[in-house]
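Full structure from sequences and hints, please.
Here the protein sequences come in this chain order: A and B. By the numbering used here, the letter at position 123 of the first sequence is numbered 123, and the numbering carries on one by one without gaps. By the numbering used here, the letter at position 68 of the second sequence is numbered 68, and the numbering carries on one by one without gaps.
Treat the hints as calculated values from the structure; they're not laboratory data. Hints are not guaranteed to be accurate.
One copy or any two copies: either way a pair holds, since identical chains are not told apart in the list.
[Unchecked claim] No farther apart than 27 Å at their CA atoms in a straight line, the calculated lysine-lysine pairs in the BS3-like style are these: (1) Lys213 <-> Lys119; (2) Lys227 <-> Lys213; (3) Lys121 <-> Lys173.
There are 2 protein chains.
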Amino acid sequence: EIVAAVENAFSQAPQPLRGRRVLVTSGPTYEPIDPVRYIANRSSGRQGHAIAGALAQLGAEVTLVSGPVNLPDPARVNVVRVETAREMLQAVEAGLPCDAAIFVAAVADWRAASPYASKIKKEGSGAPTITFEENPDILATIGHSDRRPRLVVGFAAETDNLLRNAQAKLERKRADAIVANDVSAVGGVMGGLDNTVHLITKAGVEDWPRMTKDEVAERLADWIAVKLGDGG
Amino acid sequence: EIVAAVENAFSQAPQPLRGRRVLVTSGPTYEPIDPVRYIANRSSGRQGHAIAGALAQLGAEVTLVSGPVNLPDPARVNVVRVETAREMLQAVEAGLPCDAAIFVAAVADWRAASPYASKIKKEGSGAPTITFEENPDILATIGHSDRRPRLVVGFAAETDNLLRNAQAKLERKRADAIVANDVSAVGGVMGGLDNTVHLITKAGVEDWPRMTKDEVAERLADWIAVKLGDGG
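This is the structure we're talking about:
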């Protein structure tokens with residue numbers, strides 16, 4: 001009965017994204033150094049998972065490509081689990097074509113060029129030399145793809161020159177919007193429940209007030225519904 | 001009433017470790033590269049947390065020094081949260097003197113020599129050069145300390161030559177026992193609920209059958225109770 005009531009509530013809510021396919025990435029990526037060690041970005045996945053859930057609530061058919069997180073799957077979302085940046089790109093490309101792609105994951109920019117097959121021994125040899133190489137830029141790759149979704153949104157975690165860095169990314173990566181959030185010690189909301197973000201588009205900058213990640217997700221999902229509604 | 005019944009069950013259970021102070025470490029450590037990136041070892045913290053809980057159930061006064069994990073605090077345990085290896089060592093030293101110390105945490109062997117205060121920018125500069133330096137060896141430091149607890153137990157995650165590596169550690173780190181577990185792809189139980197371990201002491205090697213991490217914890221807690229009972 002509860003399930004039926006919930007289903008009912010869903011079906012009566014406005015569903016402006018019904019019939020739309022949306023891809024969302026979330027969480028960190030783990031880049032192995034050896035079988036036990038890895039490099040990662042700090043990311044709880046809370047913001048990305050909330051956005052996937054909010055889009056599904058508006059009726060979208062959502063695929064969530066997620067790195068390692070400790071979060072329940074959002075309701076009515078198709079979750080694809082990955083670990084590395086290259087696996088994430090592959091899963092995103094497998095999810096095309098779609099109407100919109102929202103890249104929230106904190107993808108590691110670099111990976112170890114040659115991960116060790118066995119655990120690096122500490123004894124005797126001192127600290128290891130690890131050579132890094134650049135990971136694919138998933139946002140830029142999809143932004144420039146000939147299968148580019150109509151709407152492409154990136155997230156940017158910045159500690160300095162937040163808006164200037166985000167505006168540069170908008171151009172370079174062919175995104176329609178960048179959601180910039182401040183992860184400096186001052187703005188520091190990483191891993192927490194709140195977020196303070198700026199929505200940067202060609203039209204300018206919207207400063208959103210500090211709100212919960214769920215509220216950011218709902219507001220962004222509404223914005224996406226309007227964008228996909230325009231001349232869709 | 002349920003609480004009362006549980007309390008009652010606790011007080012009626014045998015409490016061979018009543019009055020004993022035991023330190024347990026658990027989880028990974030995170031070693032920052034910059035404000036958003038870090039190096040870590042894979043560790044869910046499940047085994048260390050289970051051991052802390054099992055020792056508390058036997059009546060010990062348990063301090064659990066834990067790196068970043070997504071686990072509930074075990075019942076009746078004093079939890080101290082840390083992030084880096086150096087913070088973990090500091091918290092362990094603050095917990096001395098104690099009767100036994102069980103080092104289950106997957107401590108990162110290296111840290112970035114000079115973490116960046118701002119997020120390293122990807123653009124233009126290519127992959128960064130990161131110089132690593134060795135972290136303190138917490139097990140060896142406490143094993144050789146003049147405040148060494150009477151019983152010191154280390155954990156060793158190995159992919160190769162499991163027993164030989166663990167036996168070498170026993171000597172070098174002045175541990176009374178090493179619990180060795182195989183984290184190679186074959187034995188691979190990291191992050192899972194089961195564990196296959198070997199208990200290595202001067203007396204020899206005990207191969208324990210594959211069992212749940214809770215069962216490993218109970219068996220090890222019983223072993224510790226016997227050891228602390230001998231000539232205590």
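Hint check:
1. Lys213 <-> Lys119: Answer is between; shortest inter-copy Cα gap is 22 Å, intra-copy 38 Å.
2. Lys227 <-> Lys213: This pair counts as within: shortest intra-copy Cα distance 21 Å, inter-copy 50 Å.
3. Lys121 <-> Lys173: Answer is between: at 15 Å across copies they meet the 27 Å cutoff, but 40 Å inside does not.
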